[in-house]
Structure formats: C-alpha cells, structure tokens
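Going by this note's numbering, the letters in the sequence shown line up with residues 1418 to 1683, in that order.
In short, the hints are calculated from the structure, not lab data.
Hints may be right or wrong, so weigh each one.
[What the hints assert, rightly or not] Quick list of the computed label-pair ranges, beta carbon to beta carbon:
| # | residue 1 | residue 2 | range |
| --- | --- | --- | --- |
| 1 | H1552 | P1432 | 37 to 45 Å |
| 2 | A1439 | L1495 | 49 to 57 Å |
| 3 | D1586 | T1609 | 18 to 26 Å |
| 4 | T1484 | D1670 | 27 to 35 Å |
| 5 | A1479 | R1551 | 17 to 25 Å |
| 6 | G1481 | P1626 | 18 to 26 Å |
| 7 | R1678 | G1579 | 48 to 56 Å |
| 8 | R1497 | W1440 | 47 to 55 Å |
| 9 | A1550 | A1489 | 34 to 42 Å |
| 10 | G1638 | E1433 | 48 to 56 Å |
Small disclaimer: the values here were computed from a predicted structure and weren't measured.
Think of the CB as a built atom: it goes at the ideal place given N, C-alpha and C, for glycine as much as any other residue.
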Amino acid sequence: MGDPFARRVAFEQRPETDTFLAWPRIVPTTEIEPPDRWGDMDRARSGLAEDPSRFAGIRPYAPGDPTRRIHARTSARLGRPMTKRFEPSRQREVLIALDVQTIDGPAWEAGFGSDEVESLYVVAASIVRSLEARHVAFGLLAAGYTGAETRFATVPVSSSPGQVQRALDLLARLSSHASAPFERLLTMAARTVHAGTTVLVLTARDPRPFAGALRRLERLGADVVIIACGRDAAREASRARDAGFTSRRATMDAHWESAERLVIAP
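Build out the structure end to end from the sequences listed, making use of the hints.
Put into structure tokens, the structure is as follows:
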C-alpha cells in the first residue's frame, strides 16, 4: 500500500485462516447397561443409576458387587452373601469425571503420555455418543486446560439438543496434561451432584489414592462406577473392586487409531 504521496510504506499480506476442532475418534461400544431400566423384571443392575434412598430388597451376591452393599444380617442368617438392591433413579443423569492424569504422583510433577491420554479421550467420546443415543442426560468434568481461565473443564449435565457436540468440543480443546489434582475435581463435583446421579470415573491409573473423594460422592447418594482404561485396565478394575467400588474395564479391539469396537465389561 502507499501513502497519499505515492511513497512505498510497510506492506503485509495475510492469508485467510480458518479455525477448526478435531474431535476424538468415536468407536462403537457395547455401552454400560442403560440407567433407565425399571420395573419388577427390569430393575437396575449393579453399577447403574440406582437411588440408595429407594431400598428394593435383597438378592444373591454376584461377582463385581460392591462389598459395602452386602446385607450382613441376611447373609449370616442364610449362610451365603446377599446384596442390597435399590430402585433405579428416575432422574436418569450421568456425570463423567475424566481423570486426565495417567501417571501417579502430584499433578504438577507427573509426566504424561499423549498416546495414553488420547486413548482416554476416545473412550470418553465413545461413551458420550452412546449416552446421547439413549437420550440420557449427561455432563462432563475434567481437570485439564482448554484455553479458558479456569483449570476445570466442565459441561453441565443436560439432555438438551447439542449436548454431545458441547462435550466433544470440550474434549477437542482439552490438554493432555492435568491442570489440578483429580481429587480436587471430585470435590467440586460433590457440590452439584445429587442422589441418583451415576458418576462414571474414567481413569487409567490406580483409583485408590482418590477413594476418599469417591466415597464422599457416594454418601451424597451418587452411584460411583469406575471405568478402568489403558493397558492395565484389568488390574486397576480389580483394585477398585477390592476398595469396595463398582468397576468396569474399557478395552478396545486394537490401538485407538484403528479400533473398531469398545467393550465395557466387568
């Protein structure tokens, strides 16, 4: 460009730029049992959105049931373990708490493996899509950076149109490094969670260090289900059960870049 006297001045050429978000891969999944099954023959199974305030009776103990639900008196009388069962919550809400940290230790010191974190995000995105297909109200929490001022990434629980897009947008922006301890995120979740909400904890590490925060959620009436991910999913799921929590393993049939199926099983 030139000035009024035709002398050459500074020149700058800027190409057009577009901004886009790359969502994590979404893999077809076997899904967790739907949290909206109720009735005498279709009561919620262990680990679903049961309401602890709505006692429904006793049933035989099954592998994977939390030990805290064993009915001591009935078990002693019958000579075999029996488990309490509850009516499912009719509020049908699921809160996904995503543990971005994949290595034990303080959040500010622990390193991270981008491949392991990306695998976690694929699991989260696949579960989000599954919940949306079942018309379940859900939300998402993670202690990771997204470019916003807050260190916590949140999508409030909702079943409104566009909820799955909001969750996937957040996962696309989410950093692969923890922004705060996972325990602090769970403490924040306890301020808004209510009885009947299923809290799905997606983690690739030993859940025992934050067991105290999970038990606080349970005391508030939330139904905590730990989804163990990563190469050590079987071991971490076993540790979660030993600590008294309901747990599931999330495994893909191949590396996350080429996987065609996500299986969530006890």
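| Going back to the hint list, which numbers does this structure go against? | The structure conflicts with hint 7 only, although it agrees with all the remaining ones.
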